[in-house]
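Protein chains in written order, with the working numbering: chain W, 1 to 203; chain E, 1 to 290.
Be aware that one or more of the hints could be misleading.
To give an idea of the chain W side of the interface with chain E (calculated C-beta under 7 Å), a few residues [as the list claims (entries may be wrong)]:
id	residue
1	P22
2	I60
3	V68
4	Q73
5	L150
6	E151
7	R154
Below, a list of computed lysine to any residue pairs in the SDA-like style, where the Cα atoms sit at most 25 Å apart [claimed, not checked]:
id	chain 1	residue 1	chain 2	residue 2
8	E	K2	W	K97
9	W	K97	W	H45
10	E	K2	W	H45
11	E	K2	W	T140
12	E	K2	W	L36
13	E	K2	W	V2
No lab work stands behind these hints: they were computed from the structure.
Idealized CB from N, CA, C, for every residue including glycine.
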Amino acid sequence: MVDRHRIELVVNGETETQEVEPRRLLVDFLREDLGLLGAHIGCEHGVCGTCTVLMNGETIRSCITFAVQADGQEITTVEGLASNGKFHPVQEAFWEKQGLQCGYCTPAMMLRTVEILRENPSPTRDQVREGIASQLCRCTGYQYIIDAVLEAARTMSAGAETDGKVLVKQGAGPSSAEAAAQTQGSGPALEEEAEDASRQKES
Amino acid sequence: MKPAPFAYHVPSALTEALAVLDELGEEGRVLAGGQSLVPLMNFRLAQPTHLVDINRLDELDYIRRDDGVLAIGARARQSALERSQEARGAAPLLVEAVAQVAHPPVRHRGTVCGSVAHADPAAELPAALLALDAEVVASSRQGERRIPIHEFISGPFTTTLAPGELVREVRVPVSGAGSGYAFAEFSPRHGDFAVSGAAVLLQLEAGRVERASVALCGVAGMPVRAAGAEQSLRGARGSEEELEAAAAAAVEGLTPSADLHGGSAYRRRIARVCVRRAINLAFSRARGGA
Ligand SMILES: Cc1cc2nc3c(=O)[nH]c(=O)nc-3n(C[C@H](O)[C@H](O)[C@H](O)COP(=O)(O)OP(=O)(O)OC[C@H]3O[C@@H](n4cnc5c(N)ncnc54)[C@H](O)[C@@H]3O)c2cc1C
Ligand code: FES
Ligand code: FES
């Protein structure tokens, strides 16, 4: 008999309840059980970063995390970045600066970018280079990706000056169905990001 | 590939975790950050039959300083150590070392105690903890024992942890005022495992070394203390010659095994350079230079 565990987690603002085998990798759960194909599989041992998603707002490798470990947690995949039919500023910037070729590394690269810019809203080129070192890209040679991250930093801090809640407006979907009924804001993770971003700006 | 099937246990209290581990004995395997274990499972190099996930043990999620010791609980992530102001004050060498472990997405999950339990000979944290004379606290249903880290790690990926035991905490003596520290490593690509690395802690007295700790990773089957270098540094003021002599003494007699990064002589050479750099930086920090 296969041992199955019931898990309940929030993925891109939606509560999901499923039964999974303990050995189910989070990336396979997202792709195969939830049909969220944005998390890609590359190396399957934590090195390439193409499976990176946000767990409670932090980047993690979903190929070396079990789905059962995401029970009760909040996951954001690239599908959760856009909201109300509008791209997240990071997505806009990758589009604008052509920060991709084949696109295989791109969803993870953008999620890592969201995190990099939350921790440091106006990074230098070298800081961006170091920040994205956790993500491998086989195509671009990285220059355009770095341009895209810097462009996102520019547009997001310009947005933050006029409107401290730029990420809330354009950020991920609500964290739960309940929250959805109440507001059009982002999930807690991204809301915190906006707060962090404006705090850091002030200091 | 995908992991082989296993039974999953997810205790929510330490006592419960120890009871499960006790019952499982040899069969039980702790799952902490999973950043070393799950890749091995994906390749089926490891096929544990029972995993005991300690990620729900909130009581072990701490990094705190009391009575001259920095205590790091089993659930504390490597990224938490990196951000901890308390750790920065109490054991800056360890913070410098953890920042060189992998990349942030890995450090968000990986734990400090997990790295010690895994005992990878190339890992930074065990070497830094060795230089710091840290202790490992192993808990089981029968009680608790404290093991100096040099006795805890007994070989490549091998420790003296017994079945049923959990690494509950590592304890790091607080580095004294006026000490200088540095962790220097070399890896071909940023974020990769180091070819070799050196952890150095210097205590100066009137400009001279009173006490030196030097530990290396990546040069043997487990992290090693460089007793020769420590002796040669005693009384040193930090001259070029003294640095060179200490670095040479550090690698004397070492025969690192060759791997795809290079041969034995290359690795020894790299280790020597890392030691020299770390001692140099530790001196300038001890003098308040950096
Ligand atoms: C891409 C990548 C790059 C990496 N680069 C580096 C690097 O440069 N340097 C480096 O040092 N490491 C590196 N690592 C490994 C990483 O630091 C791991 O986090 C660490 O080795 C293990 O910690 P963990 O919490 O993830 O443990 P796990 O993977 O959960 O466990 C590892 C082993 O330790 C045992 N264990 C864990 N915790 C306990 C405990 N509390 N009590 C008893 N047993 C326990 C487990 O049973 C298992 O056998 C890398 C990992 C990846 C995926
Ligand atoms: S697929 Fe997860 S890091 Fe490569
Ligand atoms: S765009 Fe092809 S891998 Fe990055």
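Self-check item: Distance restraint between K2(E) and K97(W), which requires alpha-carbon spacing of 25 Å or less
Solution: 37 Å, violated
Practice problem: Sort out whether L36(W) lies within 25 Å of K2(E), counting only the CA atoms. | Solution: 19 Å, holds
Quiz item: Is it true that the CA of K97(W) sits at most 25 Å from the CA of H45(W)?
Solution: Violated. K97(W) to H45(W) sits at ~30 Å, over the 25 Å cutoff.
Quiz item: Taken at face value, is the distance from the CA of V2(W) to the CA of K2(E) at most 25 Å?
Solution: 16 Å, holds
Quiz item: Holds or violated: is there a CB of chain E closer than 7 Å to the CB of R154(W)?
Solution: At about 23 Å, which exceeds the 7 Å cut-off, the nearest Cβ of chain E leaves the hint on R154(W) violated.
Quiz item: Per the CB criterion, is E151(W) less than 7 Å away from chain E?
Solution: For E151(W), the interface hint is violated, since the closest Cβ of chain E sits about 22 Å away, which is over 7 Å.
Quiz item: Holds or violated: V68(W) as interface residue toward chain E, Cβ cutoff 7 Å?
Solution: 6 Å, holds
Quiz item: Close enough to count: is the Cβ of L150(W) nearer than 7 Å to one in chain E?
Solution: Violated: closest Cβ of chain E sits about 19 Å from L150(W), beyond 7 Å.
Exercise. Take the C-alpha atoms of K2(E) and H45(W), compute the straight-line distance between them, and say whether it is at most 25 Å.
Key: 10 Å, holds
Quiz prompt | Evaluation of the interface hint that places Q73(W) against chain E, nearest CB under 7 Å | solution = 10 Å, violated
Quiz item: Going by Cβ atoms only, is I60(W) closer than 7 Å to chain E?
Solution: 5 Å, holds
Quiz item: Under the criterion of a CB-CB separation shorter than 7 Å, is P22(W) in contact with chain E as hinted?
Solution: 3 Å, holds
Comparing the model with each earlier hint shows violations of hints 4, 5, 6, 7, 8, 9, 11; every other hint is respected.
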